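These protein sequence lines are chains F and W, in that order.
For the first sequence, the positions run 0 to 110 when numbering that gives the first Met the number 0 is used.
For the second sequence, the positions run 0 to 110 when numbering that gives the first Met the number 0 is used.
Mixed in with the good hints, there may be bad ones.
[As the list claims (entries may be wrong)] Straight-line Cα separation of at most 27 Å, BS3-like style, residue types lysine-lysine; simulated pairs:
(1) LYS85(F) with LYS73(F)
(2) LYS13(W) with LYS14(F)
(3) LYS73(F) with LYS30(W)
(4) LYS79(F) with LYS30(F)
(5) LYS30(W) with LYS85(F)
(6) LYS30(W) with LYS79(W)
(7) LYS85(W) with LYS30(W)
(8) LYS13(W) with LYS79(F)
(9) LYS85(F) with LYS14(W)
(10) LYS14(F) with LYS79(W)
(11) LYS30(F) with LYS30(W)
(12) LYS76(W) with LYS30(W)
(13) LYS85(F) with LYS30(F)
(14) LYS30(W) with LYS76(F)
(15) LYS13(W) with LYS13(F)
(16) LYS13(W) with LYS73(F)
(17) LYS14(W) with LYS14(F)
(18) LYS13(F) with LYS30(F)
(19) LYS13(F) with LYS14(W)
(20) LYS79(W) with LYS79(F)
(21) LYS73(W) with LYS85(W)
(22) LYS85(W) with LYS79(F)
(23) LYS76(F) with LYS85(W)
(24) LYS13(W) with LYS30(W)
(25) LYS79(F) with LYS73(W)
(26) LYS13(F) with LYS76(F)
(27) LYS76(W) with LYS73(F)
(28) LYS30(F) with LYS85(W)
(29) LYS13(W) with LYS76(F)
(30) LYS79(F) with LYS14(W)
(31) LYS79(F) with LYS76(W)
(32) LYS79(W) with LYS30(F)
(33) LYS73(F) with LYS73(W)
[Said to hold, decoys possible] Not the full set, but computed from the structure, chain W residues with beta-carbon under 10 Å of chain F:
(34) LYS14
(35) MET60
(36) GLU61
(37) ASP92
[Said to hold, decoys possible] Estimated spans, in silico, between C-beta atoms of each pair:
(38) SER10(F) with SER66(W): 37 to 45 Å
(39) ARG81(F) with SER94(W): 25 to 33 Å
(40) GLU21(F) with SER63(W): 44 to 52 Å
No lab work stands behind these hints: they were computed from the structure.
Quantities reported herein were computed from a predicted structural model and do not represent experimental measurements.
Idealized CB from N, CA, C, for every residue including glycine.
There are 2 protein chains.
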Amino acid sequence: MSVHSHEAVVSRAKKDFPSEEELYDMTNLFKMFADFTRVRILFALLRSEMCVIDIAMLLGMEQSAISHQLRLLKQGKLVKARREGKHILYSLDDSHVEQILDCGIEHIEER
Amino acid sequence: MSVHSHEAVVSRAKKDFPSEEELYDMTNLFKMFADFTRVRILFALLRSEMCVIDIAMLLGMEQSAISHQLRLLKQGKLVKARREGKHILYSLDDSHVEQILDCGIEHIEER
DNA sequence: ATATAATATGAATGGTTATTCATATGAACA
DNA sequence: TGTTCATATGAATAACCATTCATATTATAT
């Protein structure tokens, strides 16, 4: 005989649950780190600011593909841009980016 | 006149770059957290172990949908299962899950 | 052993998204 | 001011993925 009460478990779990909006924002943040290309871009920018062409060369990809991804990263406020002569140099915009990447690395290494 | 040397910037960035495999594993980890349903499941399990039906009720979703997502979370070693009578109770399998969720919350709150 | 309740699975569908190609924009330097 | 180079953009394509519906599997408890 089961002692499991769905209602009790569910109503208990409902307390202190993050708001829909917080959860939504959070998944959107993690989506930024859930793509191979974007993660590599962020790792590249961890060391120094770079222009689009630099990143495209580094990753062996089309300039256009990098540009599209940089736009997403900029919208997500993970990356910022400044002009230097002919080039636009991108760098990390958020102190948390490194922290989140570290969090991921740490997890991966302990396997 | 530009002082920017693509070759220099790129070869500098290539040093100490994580391996393809590490980056791949990392994006796969973040993919787990990049879905609204999965994040809510993880938050639910943060408090107590629950069966599939509990989670489906809590989130107002089909049992089948939850089951599919639990399979992914189990494959990703973020969640584990044990049988208790008629039910299979799921719980977090990884001490890092909470840490990563906290990381996300922290980031969101400072906006 | 069988019936039942809980969970898992497979195929199908719709929605999302990364990339490419072609082209537009825009700033810089002559 | 015009030309050139770096970057951005739009449309199209293809791959991916979450959900649903229908059904299969599995363990339990009688």
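Would the hint linking LYS13(W) and LYS73(F) be met if the CA-CA limit is 27 Å? Holds: LYS13(W) and LYS73(F) sit about 23 Å apart, inside 27 Å.
Take the C-alpha atoms of LYS79(W) and LYS30(F), compute the straight-line distance between them, and say whether it is at most 27 Å. At roughly 24 Å apart (the allowed maximum being 27 Å), LYS30(F) and LYS79(W) satisfy the hint.
Is it true that the CA of LYS85(F) sits at most 27 Å from the CA of LYS73(F)? Distance ~20 Å between LYS85(F) and LYS73(F) Cα, so the pair holds.
Is LYS76(W) close enough to LYS30(W), meaning Cα to Cα at most 27 Å? Answer holds: LYS76(W) to LYS30(W) is near 13 Å, not above 27 Å.
Between LYS85(F) and LYS14(W), does the CA-CA distance stay at or below 27 Å? holds (26 Å)
Pair hint LYS79(W) and LYS79(F), alpha-carbon separation not exceeding 27 Å: violated (40 Å)
Satisfaction of hint between LYS73(W) and LYS79(F), Cα-Cα up to 27 Å: violated (36 Å)
Taking only the CA atoms, is the gap from LYS13(W) to LYS30(W) under or equal to 27 Å? Answer holds: LYS13(W) to LYS30(W) is near 25 Å, not above 27 Å.
27 Å Cα cutoff - pair LYS13(F), LYS30(F): holds (25 Å)
What's the verdict on LYS73(W) and LYS85(W), does the C-alpha distance respect the 27 Å limit or exceed it? holds (20 Å)
Quickly compare the C-alpha distance for LYS30(F) and LYS30(W) to 27 Å and report which way the hint goes. holds (7 Å)
Taking only the CA atoms, is the gap from LYS13(F) to LYS14(W) under or equal to 27 Å? violated (48 Å)
Figure legend: structure checked against the earlier numbered hints; hints not met, in rising order: 2, 5, 7, 13, 15, 17, 19, 20, 22, 23, 25, 26, 27, 28, 31, 33, 35, 36, 37, 38, 39 and 40.
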